[in-house]
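Asks: Chains as they are written, first to last, in our numbering: chain A, 1 to 349; chain B, 1001 to 1233.
Hint data in this document are derived by calculation from the structure and do not stem from the laboratory. You may find that some hints are simply not true.
[To be verified] With a straight-line cut-off of 25 angstroms between C-alpha atoms, the simulated BS3-like cross-links for lysine-lysine are:
(1) A:LYS270 - A:LYS234
(2) A:LYS297 - A:LYS235
(3) B:LYS1206 - A:LYS4
(4) B:LYS1214 - A:LYS4
(5) A:LYS288 - A:LYS270
(6) A:LYS235 - A:LYS270
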Amino acid sequence: MSEKVLMKGNEALAEAAIIAGCRHYFGYPITPQTEVAAYMAKRMPKIGGTFLQAESEIAAINMVYGAASTGHRAMTSSSSPGISLKCEGISYLAGADLPALIINVQRGGPGLGGIQPGQSDYFLATRGPGHGDFHVLVFAPSGVQEMADLTLKAFDLAEKYRMPSMILADGTMGQMMEPVVLPEPQESHNDLSWAVTGTNMEREHNIVNSLYLQPQDLEDMNNQRFARYAEIEKKEAMWEEFMMEDAEICVVSYGITARIARNAINEARKQGIKVGMIRPITLWPFPKAPLAAAADKVKHFVCVELNMGQMKEDVELAISCKKPVDLCYRVGGMIPSPTEVLEAIKKAM
Amino acid sequence: METKRLTLFAGHYGSGKTNIALNFARILRQQTEAVTIADLDIVNPYFRTKDSEAALAAEGIRLIVSEYANSNVDLPAMPKEIYGLVDDRSTYGVLDIGGDDRGALALGRYVPAILEENNYEMLAVINKARPLTRTVEDTLAVLAEIEGACQLPFTGIVNNTNFGLQTTAEDVLGSLNYAEEVSRASGLPIKYTCADERICPELEGKVPNLFPLKLQKLYYMINTEVQNGKSNI
């Protein structure tokens, strides 16, 4: 097992990608994710990998498409405005059934927005970042350890289901420092027989493509893909339950806001308030089952997020609107204090 | 505390310079009237001295920081007032330098004036828990890069080995040999060994020149004790 070290979220994520076997990184600088690119620039040449600062975000995602086509683990990273630019390429990756990892260390938006933390790309990530019917796997780390651990998971599941994965972090996750034990490399048993690696004149050509000339073929592909998504929704949702055993109020939060909410819940418990939290770790697939189960036990839900209530809609859907759902939010790069969250909990009593 | 007019904290990024600079300025303020802390960090967009702006003002410590720090502007600009701090010899100054050689580069323009006055302490903050400064050799390489970038030689070492809020007394005690080896190899004295004030009672008498640190409030807000619920990971 590796030694415990103190790392920034962005650094831990980058090193975890290397541990996962990623040797192809294509990026473009943007705050607050630039440490990922800076770290890769230092490390990749030392391990025989490729670090390439592309001329734009769009170029970088298309380089990922190229590398991923050959069955190699490839990634790019950016922050919100840069992810908007990458969306065309992400849609092409999904349309060609290519595994790849996209990192979004979110900042406030819309537009150029700001450089302080945000979670306002929730819809963009969970509804399919780009044109067409598709999903990407979305992971929301809530600490530096998870920035590392979920990176390995994201690469593995992307390959298993042949689709892009996204780590949907926020600026604080990228910038904060915590002790981390870097994960061990995992053996991969994923089927890569589809990859474009040269036939050596011994087999049929593999074709990586998202263009289908016959409408029926394209419809079939969409249906196949959604059958896979249904399997993923059944098997791959991840979440954490905190103090939910006797909870009457259920906080739902992810990423940095889940950490602040945890402090608020600890304080509320001291004051005798029965409150717990369900923390989605995957945002797509969304952990609907534990929320639906909680809806039969708790009186009220409180969503805490750095946007105007995007995840709140998924919570309402998951619980079929059985119980009221409040929203505690800050935007623009502001983050709520534990006191603000505590106030929101008390209001829900 | 015997103090030069200017005290500069430089080191690998993430070594803990900002927290040390803030605490150093507070102690200095208890001993003297005019204390200014200057944030020269052009590397980090978050976790800046500006997070402590109100607390510093309440304690009568002047803060020089880019007006863009902690804002939504991504501009590594240096505040013009730093020239005043370097030139105005009536105030004590604490300078928080950005991480690594890139951060130290920004210091270069003030170095001729600092050298001319020759009343400064340039302290290398080291943290054994950081992956790129875990060995004496790696640490010396980072310090050499910083000196090369800013052209101001170090005069001492601050051992700030830590794992953030989860640091234990054993972590600090376990770093003493490392700091001594860095000191021997570089010829620089260990000026302080820092530790979160909450673990200092366990270290009293065991660590020479122990320097207790009060961490910025923001760290407590976003950090929770290791206390996880049930997850299905």
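Asks: Does each hint hold? Answer for all of them.
Replies: Evaluated hints:
no.: 1; hint: A:LYS270 - A:LYS234; result: violated (37 angstroms)
no.: 2; hint: A:LYS297 - A:LYS235; result: holds (24 angstroms)
no.: 3; hint: B:LYS1206 - A:LYS4; result: holds (24 angstroms)
no.: 4; hint: B:LYS1214 - A:LYS4; result: holds (23 angstroms)
no.: 5; hint: A:LYS288 - A:LYS270; result: violated (29 angstroms)
no.: 6; hint: A:LYS235 - A:LYS270; result: violated (36 angstroms)
When each numbered hint is compared with the structure, violations occur for hints 1, 5 and 6.
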